[in-house]
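Number of protein chains: 4
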Amino acid sequence: MSHVQVSELRVRYAETDQMGVVYHANYLVWCEIGRTDFIRRFGMSYADLERAGFMLAVSEASVRYHGAARYDDRIRIETRLADVRSRAVAFEYLIAHADSGERLVSARTTLVALDPAGRPAVLPPDFRAQLQSAR
Amino acid sequence: MSHVQVSELRVRYAETDQMGVVYHANYLVWCEIGRTDFIRRFGMSYADLERAGFMLAVSEASVRYHGAARYDDRIRIETRLADVRSRAVAFEYLIAHADSGERLVSARTTLVALDPAGRPAVLPPDFRAQLQSAR
Amino acid sequence: MSHVQVSELRVRYAETDQMGVVYHANYLVWCEIGRTDFIRRFGMSYADLERAGFMLAVSEASVRYHGAARYDDRIRIETRLADVRSRAVAFEYLIAHADSGERLVSARTTLVALDPAGRPAVLPPDFRAQLQSAR
Amino acid sequence: MSHVQVSELRVRYAETDQMGVVYHANYLVWCEIGRTDFIRRFGMSYADLERAGFMLAVSEASVRYHGAARYDDRIRIETRLADVRSRAVAFEYLIAHADSGERLVSARTTLVALDPAGRPAVLPPDFRAQLQSAR
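Sequence order for the protein chains is A, B, C and D.
Number 136 marks the last residue of the first sequence (my numbering); no jumps.
Number 136 marks the last residue of the second sequence (my numbering); no jumps.
Number 136 marks the last residue of the third sequence (my numbering); no jumps.
Number 136 marks the last residue of the fourth sequence (my numbering); no jumps.
Hints were generated in silico from the structure; no laboratory data involved.
Values in this document were obtained by computation on a predicted structure and should not be read as measured data.
Please note: incorrect hints may appear among the correct ones.
[To be verified] Residues from chain D that face chain B, not an exhaustive set, calculated with beta carbons under 8 Å:
(1) R13
(2) Y14
(3) A15
(4) E33
(5) M45
(6) S46
(7) Y72
[As the list claims (entries may be wrong)] Simulated restraints, written as ranges between beta carbons of each label pair:
(8) A:S101 to D:R75: 37 to 45 Å
(9) D:A89 to A:S3: 51 to 59 Å
(10) C:D116 to B:R52: 18 to 26 Å
(11) A:S101 to C:A130: 31 to 39 Å
(12) D:G54 to C:A130: 54 to 62 Å
(13) A:D127 to D:P117: 45 to 53 Å
(14) B:A53 to A:S101: 27 to 35 Å
(15) A:R41 to C:M45: 29 to 37 Å
(16) C:V5 to D:D84: 28 to 36 Å
(17) B:E9 to D:Q131: 24 to 32 Å
(18) D:A89 to A:R41: 36 to 44 Å
(19) B:A99 to C:M45: 45 to 53 Å
(20) A:H67 to D:R104: 53 to 61 Å
(21) B:R52 to C:A130: 49 to 57 Å
All C-beta atoms, glycine included, are put in the ideal place defined by N, C-alpha and C.
Please model the entire structure based on the sequences and the hints provided.
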């Protein structure tokens, strides 16, 4: 059964806009927090991965907005590994209010591996194996 | 034939990340600049729309990343109206380097109308008609 | 003796820039997290204060940068009340690496009370008294 | 007489917060746009400076807020060189509404030169001379 990584945060004032809710692009920042926590959980931090000469660049993102987060709300991010291949990895996210459980956003991002020159690369085998073990 | 709104900007330092390129969530900010210019072009600014008691909230966004924008690059955003209905409007975006024409991002967002209390609403008829004329 | 509120966070990828360190304006966002935690500690959240019809707007900010925070670093923010008057309140911040203790930023912000129309206002007496008790 | 660099921009929705005005930290981003334009005006872009192996890191910033910018407002940034030394350069900024001239923010930042390893460095002599010519 696949691992679900749970991250929590509190909405910052800077993340709101004049509609009185969280600005829509900021949910992609929260997704990144979710996958960073997911990756760290499996033995290698993303910071370590970059130090080893690999970058993960987002190649596709899709986001559905079901509700609105507000300033000071406590938020829960659930991150799942959706797919892992030799050159790409996909994560799915469910973002909800931590207290009420109300669903706010569902999202999916695909990331591709790049070498330090920014060229497509194959994911390090041990990193890929770590992720596979989480499915 | 449908109208294509062209917006231009220069990449800000604040928009880059440590990968040396524009942080992926910022392209959604640029899409918003594109549709703001599109709407203003047709006789009513989005700021006026909000003052009239209507908000447009993003309900779906999908983004494909083809290349990377860098600090100080000049960027061109092409915005097209993809669909307009009684309660929702969809835009498509093509973001490219202004100088080389290199394609960076293609994206689509759907927005729904909300009343001041945040409930789903019908788009003002004249606003909808203005958008229709742009198709 | 004055209360020191300690907040902790981990640096987000979105907060870095192409220099490989945290973008300088983001420290002001962290200061806001610090004073939000400070205010919540004394019985009234800033969200409650806004619901009661008061806003606190930053009227002055000064920041000194001593070191650089990097992606995934754990950060500690120490927030102190520096001054509280009928219409304004000032906080001081010390931002450091949570692990090494290395000092990164020292800052001070002054905030003025505004009513819902954005006009200068007197701080609610009980809110002011709560803050006074923290000095 | 010293050169005044004028930059203009329009407020983005993403730059507002739930107070209905521009979030206070974003004015530092606008200051950076001002000094980037200032530096480009004198023959070398900041992007070129970084490619030559020099970075300018903000070491001090002070900001006074006099008024509030709102979504879609047209903004004017006036940037002046305040001081230039062998290892540091200071700029002053006046940010105002482009239409009404209403003053919004006055600010000052000091930047220090760093080499690619992040150590303090001496500003390239020709860069410094270019700036001096602007005073």
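Evaluation of the provided hints:
no.	hint	result
1	R13	6 Å, holds
2	Y14	6 Å, holds
3	A15	5 Å, holds
4	E33	6 Å, holds
5	M45	12 Å, violated
6	S46	6 Å, holds
7	Y72	6 Å, holds
8	A:S101 to D:R75: 37 to 45 Å	41 Å, holds
9	D:A89 to A:S3: 51 to 59 Å	53 Å, holds
10	C:D116 to B:R52: 18 to 26 Å	21 Å, holds
11	A:S101 to C:A130: 31 to 39 Å	32 Å, holds
12	D:G54 to C:A130: 54 to 62 Å	55 Å, holds
13	A:D127 to D:P117: 45 to 53 Å	30 Å, violated
14	B:A53 to A:S101: 27 to 35 Å	32 Å, holds
15	A:R41 to C:M45: 29 to 37 Å	35 Å, holds
16	C:V5 to D:D84: 28 to 36 Å	35 Å, holds
17	B:E9 to D:Q131: 24 to 32 Å	27 Å, holds
18	D:A89 to A:R41: 36 to 44 Å	38 Å, holds
19	B:A99 to C:M45: 45 to 53 Å	49 Å, holds
20	A:H67 to D:R104: 53 to 61 Å	42 Å, violated
21	B:R52 to C:A130: 49 to 57 Å	39 Å, violated
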